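Which chain is which? The protein sequence lines are A and B, in order.
Residue 1 is where the first sequence starts when you use the numbering used here, and the numbers rise one by one after that.
Residue 1001 is where the second sequence starts when you use the numbering used here, and the numbers rise one by one after that.
It should be emphasised that the hints constitute simulated quantities derived from the structure, not laboratory data.
Computed from a predicted model, the values in this text were never measured in an experiment.
Hints are supplied without guarantee of correctness; some may be wrong.
[To be verified] Computed far set for chain B versus chain A, every beta-carbon distance over 12 Å: (1) T1041; (2) T1049; (3) R1063; (4) I1077; (5) G1140; (6) Q1193; (7) D1200; (8) E1241; (9) Y1266; (10) L1313; (11) E1339; (12) G1346; (13) E1422; (14) R1450; (15) A1460.
[Claimed, not checked] Here are the simulated DSS-like pairs of lysine-lysine, each with C-alpha atoms no more than 30 Å apart in a straight line: (16) B:K1319 x B:K1299; (17) B:K1126 x A:K248; (18) A:K573 x A:K100; (19) A:K82 x A:K228; (20) B:K1126 x A:K485; (21) B:K1126 x A:K402; (22) A:K402 x A:K248; (23) A:K82 x A:K198.
Ideal Cβ placement from N, Cα and C applies to all residues, glycine included.
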Amino acid sequence: MTQTPTPVHLFNDEQWQQLHPILHQLDRQQALWLSGYLAGGRSDPQTESTAIQSPGQSVLVAFGTETDNCRQLAQQLAQSCKGIGIQAEIVDLAGVRPRKLTKTETLILITATHGDGDPPEPIADFYEAIMADDAPALPDLAFAVLALGDSSYDHFCATGVALDNRFESLGAKRLINRQECDLDFEQPASAWFDQLLKILEPSPTNIDLGSNTPAPLSIVKSAVEYNKRNPISVEVLTNQNLSHPERKAAIHHLELALEDDDFRLDPGDAVGVLVDNPPELVALILDATELSGEQAVTHAGLALPLVEVLREHRDLTIPGKAFLELWSNVTQSEELKLIVGGDNSQQRQFLRDHQIRDLVHLYPARPEPQALVDALRPLQPRLYDVANSLDVVDDELHLTVKSYCYPFRNRLEPGIAAQYLLALEPGDNVRLYPHRNGRFHLPPQLETPIILIAEGTGIAPYRAFIQALSKTADRPPCWLIFAEKDFENDFLYQLDIQQALEDGVCRHVNATFSQISDGCSLAASVVNEGERLASWLLQGAHIYFCGEKASLEQCEAAIKTFVDEQAGAPAWKQLTKDKRIHRNLY
Amino acid sequence: MIDRNVDISQPVDSLHENEQLKATSRHLRGTIAEGLADAITGAVSHNDTLLMKFHGIYQQDDRDQRSNRRQRHLEPIYQFMVRMRIPGGQLTRAQWVGIDDLAHRYADRGIRITTRQTVQLHGVRKHHLRHLMQGIRDLGLDTKAACGDDSRGVVSGTNPNLSTIHEQVSALAKLTSDRLIPKTSAYPEIWYQQPATTQDNEEPVYGELYLPRKFKVGYAIPPINDIDVYGQDLGFIAVIETGELVGFNVCVGGGMGQLYNREDSYPRLAEEIGFVAANEAPELAETVMMIQRDFGDRKDRHRARFKYTLDRLGTDWFKSELAERRGAPLEPARAIHFEQNGDRLGWEQDDAGLWHATLYIESGRVDGVVRAQLAAFFQHYGGRVRMTTNQNLQLTHIGDYEKEQVEWRLDDLGLSWRLTPEHQAAHTLSCVALPTCGLAMAEAERYTPRLLSVFNRLKARHGVDLPITLRLTGCPNGCARPLLAEIALTGRAPGLYNLYLGGSFQGDRLASLYASNINEANFIELLDGLFERYVLQRQADERFGDFLVRRNLLDEQPEKIQLIPGDEDV
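Produce the complete structure using the sequences and hints provided.
If you want it as structure tokens, here you go:
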């Protein structure tokens, strides 16, 4: 920025003489603030259009995500771009049509892969369109792909790989090779960004005055933005088992004290919870490796005791490739060497069959603490839907948490997050951050009828919806459909739902329980009211699905079949296109 | 002219809200069927709970669980008590086995034999109600008017050694019950899902408003007053001359229920008003019930029982009203004699040579071990079964040739001690109370075993060996007929009871309040002193209740008795 020539098309000489010295004294933060201040505070159309017309490289940073990681990376990249004078526009791939790309110069695509190789659910439409035979050729597009994935799945980074190949075959020019990232994506992503920024020539005439983000007011207020790296710590007020004491997969209701007005969420949003590994597991790893928990290791540039890093920051359950390599080195085990040297699928199978506790037990070794920490995957936050509306209960967060166990090598392994949350006691603290479920909010028009379908803990965001609706005067017709096991013990939030029915917030509630209505499924209770369903759809109803993936998908399929067979009802495909189907599945 | 300001002659909208509910219920239909279909709650609406009583069904909840349920964001565990109508209390073996089977499928806590000679099942969930009701129908039984403002199941004394007379009386009880039972087809419509029928003149006797309050009819066979005939709204006392049933002394206006906080609410003994020929008894019962229908208080439910109608309008007025309606006054009452209001336990042979065995059942609860033992016993049993109003179970109509085998089986199954139980237990009654009864203020059935052991130790210490009638209820409503006992405890609050003393062993004298709000320690202390004087000053074979009255000990009350207004409204 030192040799900025006069932007003569913007300022006369006198203005520029006054501005120039000041601009040169600003550090990056100050420049950012000023740019936002000017852009937002003087938002006359002229300024804006000037900004848009300003010449220079412009980059579209598109993200495809379900967990928000890609969006945060996109923001990070866009900031860096602006820092060197490149205009960057951030878009959600979910809203991008392939034709738009024919008019785009540079596309940086940051995308996750969902589960076993599927595109993240929100970008499914885009993915389908770009892969279709009639996708437009993109000869004028330059692109680069950052792919996120989880190496414990077979099809690691599959979506990123597929899109990377697809853009090439559509005639687009690859700026830089694709980068694939595992769960600890932060470091490799940053390195890739640096490489990328060198290639994207900064425009000499642009000093980033025309940026249309961020809004000045939020900067002036210097609101705290909570995120994964900057979580809020909240106190547990209650941790109530909602289930019968004998139920194995207990469901708890947690109430957490929220004392920060900057922590904003809308009904339908979730929180990411930073969980701790269970103390027994940390102890087991320390014992097996004969390491002292007090030893200092470096984590994210900080020196911390090993025990803390293991407890709070590293995944002690699922080994990655790096861990396998480390373990093969420190043990010098022939067996492990064979696997490391073997093919990918064999390696993955081995990693699937062994948890870290198994490896440290079967192949005892004493690694360097720092090497151990570096080889472990980062401990991932877990998302939980918030079960209250902050407009109604503004100083609490309510979560609905179900205990989870899975069989592994002749033992029952508890899910780390559920185990952590279920064991919390009043007075304990939890670290978490808001997570926006942009596609799982109430419809923009309040009068739109809503049909809420949930199984089990899927009821949680609907409780937030219902609370929010209870405060509004003109309520939309609301129909809640819920399924669980036992009427008497598993009717989650029964009192709240009865109240909502009595107050007219819910117009209809169907609750089915597998112990009473043999095999009466969720879908059946919707389809049995087929007339109502059809008439609500004609009134523009939105349908929500929330809960465990397999059964909700089954439910959706059954309802889809029913709706598509109805004369006069809009086709399911159209409903999906119109964004009237909302899914929150796990 | 009598004052008719509070009875059915007044406009319905000026009467108690329950009267208005009955008037608009379409003969007890209300919205019961809709309520059963509501899958969001295990309960039915408040109004429907009132109407369902007429169908023999009480909505309850497990009170032990209430607060835990609230914390779990769940409604209480709503459930229903279903009481059968078994006039005379007789069942075949197959019916008993069938009821036990239904209880296994649809109820908690086994079978409860009640103080009105029937059985009730607890803990039935709403979605099981229809299955249960149809199962009861398939056994040839029903639950009509087992609760509600109507004539409850008619009880009949059990006097096993007068079999011929007992058969006659029992048959009359059944006839009376059939005559007084509500006729509405709401019952088969709702419970059996039969198609709706015409609603014209569904209740020729009851009309739309039914009775102001419950109406209890019972037949007693001296010398056993097991049914506590003086506690019935209408009691018939068999008059036996030269071995033949000639008719009944009629007594009217008994009732146990009272409120702690109202002085115009009290228990009352039925008074004998005359004699009626045996075959006229069922018709007389209907006439008496119709008088209560027409003149009972329908504005103040706490003054609606027949006993208050009699006190309000006078027994003389009643007798003339009755004479007018039946065309003739009653003949004068004949001489009768009662010896006890407890059951005769053990084996008895009747005048026809058949054998009857009365088994003691603690608090009438057939659950757990005794349930399993009885189930095993009933696998091979040729006789019949009868419940007594003292919550016991009789094996009846056992031939001479099979008696030995029955004895052997009872012995083998560990049931034979129930034929000769410890005497005090056999003279102790308790109501259900917590956790299911909504009216209970204190424990009863669940506290009985402990109370009995405490009481027996006290008796043993003083060398008191005669049994004393002891009755325990969770509230003052009188389900276990407490005030006809020598010693009664009625619940005030958890762990606290009012103590009543001085009833007679044969149930013809009311006990009176001796101390309020006492706990177990107070109870022991108070009885300790009284027992001490009893063993020193009693006459030969003098009963404890009689002793207290003879020595005027009840006037020396241990403290100034204050009726503390309670907040429980019944």
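Going through the hints against the structure:
1. T1041: violated, 6 Å
2. T1049: holds, 16 Å
3. R1063: Non-interface label stands for R1063 of chain B: nearest chain A Cβ at 16 Å, farther than 12 Å.
4. I1077: violated, 6 Å
5. G1140: Consistent with the label, G1140 of chain B stays out of reach of chain A, its closest Cβ about 29 Å off (over 12 Å).
6. Q1193: holds, 18 Å
7. D1200: holds, 35 Å
8. E1241: Since the minimum Cβ distance to chain A is about 58 Å, E1241 of chain B lies beyond 12 Å and the statement holds.
9. Y1266: holds, 41 Å
10. L1313: holds, 45 Å
11. E1339: holds, 49 Å
12. G1346: It holds; G1346 of chain B is separated from chain A by about 43 Å at its closest Cβ, greater than 12 Å.
13. E1422: holds, 38 Å
14. R1450: holds, 27 Å
15. A1460: holds, 42 Å
16. B:K1319 x B:K1299: With Cα atoms ~24 Å apart, K1319 of chain B and K1299 of chain B stay inside 30 Å; holds.
17. B:K1126 x A:K248: holds, 26 Å
18. A:K573 x A:K100: Distance ~22 Å between K573 of chain A and K100 of chain A Cα, so the pair holds.
19. A:K82 x A:K228: Holds: K82 of chain A and K228 of chain A sit about 23 Å apart, inside 30 Å.
20. B:K1126 x A:K485: holds, 17 Å
21. B:K1126 x A:K402: holds, 28 Å
22. A:K402 x A:K248: holds, 10 Å
23. A:K82 x A:K198: holds, 13 Å
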